[in-house]
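Can you make the complete structure from the sequences, with help from the hints?
Residue 31 is where the sequence shown starts when you use my numbering, and the numbers rise one by one after that.
A couple of the hints might just be wrong.
Pairwise CB distance ranges, derived in the manner of DEER restraints [unchecked claim]:
#1 Ser-39 <-> Asp-102: 32 to 42 Å
#2 Asp-102 <-> Ala-67: 34 to 44 Å
#3 Ala-67 <-> Gly-103: 33 to 43 Å
I should point out that these hints are in silico values taken from the structure, not numbers from a laboratory.
Nothing here was measured: the structure is a model prediction, and the numbers come from that model.
We treat Cβ as the ideally placed atom computed from N, Cα and C, and that holds for glycine.
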Amino acid sequence: MSVNAARVSSATVLCHRDMWEFLTAHAGRQQHFRAPAQVLDKGEERVRAALSGRSLIALLIALHSVKETAADGDGDQELATVLYERVAESLTGLTAAGRPVTITLDDRALADDSTPPGEPDATARDADNVPEEQQDSP
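Structure representation (structure tokens):
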């Protein structure tokens with residue numbers, strides 16, 4: 031996967047500030063990692079930073095190392111595995127004429143945290159599945 035990272039001149043990473051701290055704490059130990067010139071506050075405790083392909087290589091090496099060596103259940107292995115997969119996924123299908131690479135490490139819930147737009151809420155769906163003889167009549 032590092033080969034794909036080497037093909038990228040730069041990529042934007044968008045994530046929670048604590049996730050950014052985890053990434054830089056581990057990748058910062060790698061010889062190819064370079065701290066970005068700016069880390070922008072994007073609100074809602076999220077940050078955006080531009081990383082070079084070289085720094086992406088360092089990030090992938092660091093995450094792979096953590097996922098292979100961290101103790102089960104300490105959280106580092108789980109974080110590193112998910113982050114490695116997400117970064118790797120973002121780097122597949124690259125083309126010279128493609129769009130800029132943005133790696134978003136933030137899966138957000140829907141606005142009401144439960145129901146997709148255009149879907150009835152959970153209570154309405156559940157009421158629809160109740161047999162007629164069990165429904166309250168007016």
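- Between Ala-67 and Gly-103, is the Cβ distance one that fits in 33 to 43 Å? With a Cβ separation near 37 Å, Ala-67 and Gly-103 satisfy 33 to 43 Å, so the hint holds.
Tell me if the beta carbons of Ser-39 and Asp-102 are separated by a distance inside 32 to 42 Å.
holds (37 Å)
Discussion item. Looking only at beta-carbon atoms, does the pair Asp-102, Ala-67 fall within the given range of 34 to 44 Å?
Written reply: holds (37 Å)
Going down the numbered hints, you'll see the structure goes against none, and every one checks out.
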